[in-house]
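Please construct the entire structure, taking both the sequences and the accompanying hints into account.
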Amino acid sequence: MNKLFKVADQQMNHLLTASGKQLKRLFITISDKQGTPPGTMVYTGKQKAEPLRISVMDFDAATLAEQSDAATEACLALKDTATVSWINVTGLNDTEAVARIGKGFGIHPLVLEDILHTTQRPKLEDLGDYLFLVVRMLFVEPGAREIHSEQISFILTKHCLITFQERAGDVFDEIRDRLRQSHGRIRKMGPDYLLYALMDAIVDNYFVILEKTGEQIEGIEQALMENPNSLLLNELYAQKRELLYIRKAIWPLREAIGGLERGESNLLSAKISAYLRDLYDHTIQVIDTVETFRDMLSGVQDLYLSSMGHKTNQVMQVLTIIATIFIPLTFVAGIYGMNFEHMPELGWKYSYPVFWVVMVTLSLGMLYGFRRMKWF
Amino acid sequence: MNKLFKVADQQMNHLLTASGKQLKRLFITISDKQGTPPGTMVYTGKQKAEPLRISVMDFDAATLAEQSDAATEACLALKDTATVSWINVTGLNDTEAVARIGKGFGIHPLVLEDILHTTQRPKLEDLGDYLFLVVRMLFVEPGAREIHSEQISFILTKHCLITFQERAGDVFDEIRDRLRQSHGRIRKMGPDYLLYALMDAIVDNYFVILEKTGEQIEGIEQALMENPNSLLLNELYAQKRELLYIRKAIWPLREAIGGLERGESNLLSAKISAYLRDLYDHTIQVIDTVETFRDMLSGVQDLYLSSMGHKTNQVMQVLTIIATIFIPLTFVAGIYGMNFEHMPELGWKYSYPVFWVVMVTLSLGMLYGFRRMKWF
Amino acid sequence: MNKLFKVADQQMNHLLTASGKQLKRLFITISDKQGTPPGTMVYTGKQKAEPLRISVMDFDAATLAEQSDAATEACLALKDTATVSWINVTGLNDTEAVARIGKGFGIHPLVLEDILHTTQRPKLEDLGDYLFLVVRMLFVEPGAREIHSEQISFILTKHCLITFQERAGDVFDEIRDRLRQSHGRIRKMGPDYLLYALMDAIVDNYFVILEKTGEQIEGIEQALMENPNSLLLNELYAQKRELLYIRKAIWPLREAIGGLERGESNLLSAKISAYLRDLYDHTIQVIDTVETFRDMLSGVQDLYLSSMGHKTNQVMQVLTIIATIFIPLTFVAGIYGMNFEHMPELGWKYSYPVFWVVMVTLSLGMLYGFRRMKWF
Amino acid sequence: MNKLFKVADQQMNHLLTASGKQLKRLFITISDKQGTPPGTMVYTGKQKAEPLRISVMDFDAATLAEQSDAATEACLALKDTATVSWINVTGLNDTEAVARIGKGFGIHPLVLEDILHTTQRPKLEDLGDYLFLVVRMLFVEPGAREIHSEQISFILTKHCLITFQERAGDVFDEIRDRLRQSHGRIRKMGPDYLLYALMDAIVDNYFVILEKTGEQIEGIEQALMENPNSLLLNELYAQKRELLYIRKAIWPLREAIGGLERGESNLLSAKISAYLRDLYDHTIQVIDTVETFRDMLSGVQDLYLSSMGHKTNQVMQVLTIIATIFIPLTFVAGIYGMNFEHMPELGWKYSYPVFWVVMVTLSLGMLYGFRRMKWF
Amino acid sequence: MNKLFKVADQQMNHLLTASGKQLKRLFITISDKQGTPPGTMVYTGKQKAEPLRISVMDFDAATLAEQSDAATEACLALKDTATVSWINVTGLNDTEAVARIGKGFGIHPLVLEDILHTTQRPKLEDLGDYLFLVVRMLFVEPGAREIHSEQISFILTKHCLITFQERAGDVFDEIRDRLRQSHGRIRKMGPDYLLYALMDAIVDNYFVILEKTGEQIEGIEQALMENPNSLLLNELYAQKRELLYIRKAIWPLREAIGGLERGESNLLSAKISAYLRDLYDHTIQVIDTVETFRDMLSGVQDLYLSSMGHKTNQVMQVLTIIATIFIPLTFVAGIYGMNFEHMPELGWKYSYPVFWVVMVTLSLGMLYGFRRMKWF
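Residue numbers (our numbering), protein chains in the order written: chain Y, 1 to 376; chain U, 1 to 376; chain L, 1 to 376; chain P, 1 to 376; chain C, 1 to 376.
These aren't lab readings, by the way, just hints derived from the structure by calculation.
Treat the hints with care, since some could be wrong.
[Stated by the list, open to error] Think about it this way: if two alpha-carbon atoms lie no more than 25 Å apart in a straight line, the pair counts; the simulated DSS-like pairs of lysine-lysine are: (1) L:79 - L:248; (2) P:374 - C:212; (3) Y:248 - C:374.
[To be verified] Derived list of chain C stretches under chain P, where covered just means 3 residues or more per stretch with a C-beta under 8 Å from a C-beta of chain P: (4) 179 to 189; (5) 198 to 206; (6) 234 to 248; (7) 317 to 325.
Where is the CB? At the ideal position from N, CA and C, for every residue including glycine.
Here it is as structure tokens:
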């Protein structure tokens, strides 16, 4: 029993350490920059060693120019060209380079601070010349078990879309392939459609994460049916925490995408609004699913507690039946084990058989009583 | 006891597998198409083998033409005729045919995607030339035990109502009969009234489902009164999950029908608004009932837990009464079973009767004490 | 113990059957008419044998004409007379007669359907020429124990107030008496004031019901203080369910009366608004009281659970104290009951007194330890 | 143990009877007047024997005339004088006198009904010529332990403030003193400021009540730390109920004072609005504190339940350790107490010491096992 | 066991006394001034001995004049100078001096009362000529363990920012350093930016507090994994209470800063709005984090309760297994310890070995049964 308990502890520790680390990343890094003046650019993320790399895809319906490691200056040159430019910055450690890009595109210092300060709440800000959108990208890298969480910031200008990621590796490869194929809607439309396509990829990935979560919840459930134990309880708790985490990342997103959809900015073309409404619907669906999973988890927890209560009750009943039957019998046996000199029954001839008859009758009577009380 | 437990497990597994499958269908199919460009038409439902079939009812107050297996082109011909046309498409596996209908009626690709993507959240979209309404149809097929859940999409244009179902078999037979009878309001009014009539049939079926659920809850309750056991707990849990499921399907419907009722579209005639308000009232009533059932279920669960607690307490009391009375008596019997050479009581003449008197007195005293403490 | 349990079960069954019947009436009758076209007049209530009877009170400040069993045609004649007419229809089984009245007063088929369909959610509808108000009347008939619940529909036209009840017997006798006395405000004002007076009588009766409920909750509480048992738990549960039921009937009423008060209809005179605000205040107060009762009931339930937990704990402590003291003593007595040939203590002279001293010392030591742990 | 339980019961009964009486006064008196026409003046309070007394303070910045037992007619004479008149009516049993005052000041019959009907929900009504405000005054009389609760109604006209109390004794003595001193803001301003000052005194008294409640909660908490018992549980429950009661009195006040602050009535001067905002802030703070206390109480309850669970667990562990060690030992002792003729061990020379060694080893081994399982 | 419990009690008492004191300070000091006329200046805080001290920083982009102990008159002289003046008042015991400053700057008496009355709810008031903002500053002094809580009031006029603190020591040192360095945005902008900078420092400190809280919650969690005991339960409870406290301080802040951001006052320049939106975002993030921590704590509490339930169950199972196996065996041994003269088995030759074989078989059978019931 002890050994089992140990194993459960270790597994739980593992689970919680994993999700604990993520939570730490989400909650507690603002204080790193506490005490600096507002607008100071300090990178607060954990990918300190990631080098800054800029990849550029510059395209219109006819042409596509791709650069995998562009210089800052090359990016700035694309600012006012009629082609659509997607400037993807990975690695935010080099704050100087980020500042240079920011300055070149006329981005407000507070926005740059938010980009570097990678524990932002998802939000949308319309700053006139450009839109600023921060979201959280969640994905599971192929082969890995842990959810990777990362802040992505979007700057949408008239001709460009700039994205800032903490490190290389994202959910956009499929979009890149679509861009490389000359046909398709994405090449014919502006940077606003590109923004939508990238956001769509991120939201679609939430469904992948949730599908995984849903399967795990069902697994816990099934296992619980077969044998409720404390190991499952800990898994349950870890899932609960993970949902809390996902929820914190997704809830504010609704508001941000809702803001986009209402579409007052002239950076968003009229055609895009149907797509944004679709995106908004998906976000609502993600939130619905998260809430349903939370309800399911708390249902599973109730079931666990009730099952445990039922089991305790059963154990108690077994104990009580056994003890209640045998304790009086043992008492009677004890009586005739006494060494009093004057105990007439001891000498009677049929004492022993009578003793057995009484014992068996008593036991059966008690069993009958317990059955009437529906104890078994 | 063990056997009983086994049976409960099996039944529970059955219950949960059944509802588990449904939930799976509802939650986790979006990822099937994850990675495809927006507007790509991929059917995500489970009825992969269902052939596409189009049935048409074309009518005005005087005439009715019915086709049970129409060609796509025949449908498109009905687009602008003055008669009201109900085009019912079942089986969404043939995405090409759906696309052809969509193109013919000028439907936006994202709308077509939503039609095929059969885990949509109920919603209403006003796209100017046509209204798009998605709802979830729940019904129990005659003879079956399981709730069948299916997405139904409505496209309402000036002269036509197009409905898309995943498979044949629905709750509309009664409406078809009414159409076939030449008299009645339904033949005299436009496609908006037909939409209302179909929606009304769907919402009325929710009441049938809920009636069934209500009866099951009452059954659980009654059974719980007679003998609270873990089997009922699992039934309770399965009901809770089913309600969660129904709720997820119905909540957003309120908003959609509310949107219809507010009636800003010119596709909805003025006469229809009284009917839509009625429909809205019914939806609210469905939601009310679901919420009340949830409250009732959590009340039943509380009752179960309290009953279990009470039972455990009773079992404990029996154990304690028996143990507390006999353990001291057994001790005394044990004393006079000792083999010390110098135990004066052993030789006394009335030791044995005195022993019995003391034992009985002690027992009665304890019983009296327990009664005063209201233990029985 | 078993007997007590039986009694509790019976009482509980009684309680729940009673309230279960009511709930059935409220929730599950819509499906009776499922499958019929909208606007079809089917009476869904349970008073199938109640004959239709129309009583009329036609009055102005000076005169009062009363008919206890009027013909349909007589009612229609009152439609446009300057006197105020209160037409009270009891027994909705005769749908034809209801239809005739409806047609005569120009009432929409859907409204008539709602009148017959007696599980409506309370609501107000302004249909231009007339107001339609549905409420639920709750009352306890003198001598009866059960709450009687019935839908009452009001049709307010310029000169008439038509009320539809499922059966004879209501809370309006007091109003009738006031009408018969020639003095009083009620004779001088229009049908809108009459509507208010009737609604006021209904809402006042909610207070009577709630007063009864409040007394029962206090009774449960008091009984719980004296001896917490499972009987009370079931009473508690029955009360909870009854409140759920009352709440479902009253919550939507707030909205309906709020709509009346805002008073945009020209069927409501300016003078009436102060009275309607008063009525609205009363409704809010009813809702407040229901909510407070719910809070109180859940408080009582918490108290019950805590008391049970406390009692279990106490029982456990008694068991543990007794067992922990006597089990070691019994072991020692068992040792000296062994039949080893070589046990030096058995032959010693003072073994037996020493044995007693050791036993008593050990017991007292344990008791002292338990007291320090605050076990008693 | 039994005695302790008795005491707890008595104390609890006392506590609950006390608060039960209050609740009764609040909830269940409307039915006293059920069946009377609206606007009928029936006093529903409990102070039936309190004689009606009118005290008047008539003042401007320069003069102050005070009458401790004024006649009704004297009051009416003050209606239109330029001086500010505070007419305080205590004892509402004499409904005729109240009606005469009401008529003199032109007060609507429904308002007079609300004044006499002393279980009103706090509310504000603007009736054009006068404002009507109902609040609940809570205070602890010096030396008393119980909270006294009483409805106070305010009628604010252009030159007068009329207050209606159920009985003499209130929280306004301090205001009277301020009025008697010729200096101070209160003498220079109108009846609206006087209304504010009185309301401020009432709200300030809520803080006194809450301070007392807060101290009691802390007391329960501290006592719980030292020794969790069922007495505290009952205190906790009584506090919870008291808070429920205070909350019901205060919540609607927020709305009423908010209405005053928004200040659309021309009976409220522009200068007063800063004071009313201050009053509104205090009300919000009272509500905040009540909510925090509720959270604290439910926290204390959780702590109690967890402590009880912990204690039960500890008791169980002690029982299990003792029983698990001694039950097998007793079995072994029982074996060698058997009287079989052929038991070789009985005759061996070192059987007895070996028996002891085995017993001690077994016990120590079990203890070691329990420690490893962290049972103590 | 007892000793451990003692230690837990002491630690808990310590924890609760600490946080209890803070709560006392927050909740229960309004009654100190109960009974005084509105606008009376009474300092209700606890820092009665703190002397009043005024420090002034008067600056524009070019110059900075700093006074560490200025006279009241010197402050008033700065009122209308074009330079930005930050007048920081610490120690509110000297109400006369505060009144003099208030009068000099034309501050309303109710505002001054709120400044001295140091248990205000955070709020913003726009009084035309000046803005009044009250917030709660939370910080941990270097080396200390306890959270220090203090009300800070801001008065923003056209050229000055006046801050009132209860005692010296705050979170503004970093701002002072920035002011002293001639470069930086803070020197070039007006008092509105200074207000923002100070507020930003306060909100940033909330994150520091929350980071500490988060670490403690994780510590409790980790400890709980290793060994769930009642000590942790008390820590958990203390954390819950602390969060309740922080929440009460922060929730209203959102509204106040939201009011600032919407920026209708002309005391706030257009440039400042981006900064205020940033501040508002931070406040939302603080609230989000507090709510997430509350969810986490209640998750930890659930885990604790489930773990305890699991442990109790395990203990029960061990007890039941041991008791159920040995009680029947002991009964059998008791039988053959009886002294009946006629017990044939006693004389049989192989009775003793057969006895052992039966005992061992029985035990193994029971163990097998328990394993099948999954008891270990």
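>> For a quick check of understanding: which of the numbered hints are violated here, in increasing order?
In response: Violated: hints 1, 2, 3, 4 and 5.
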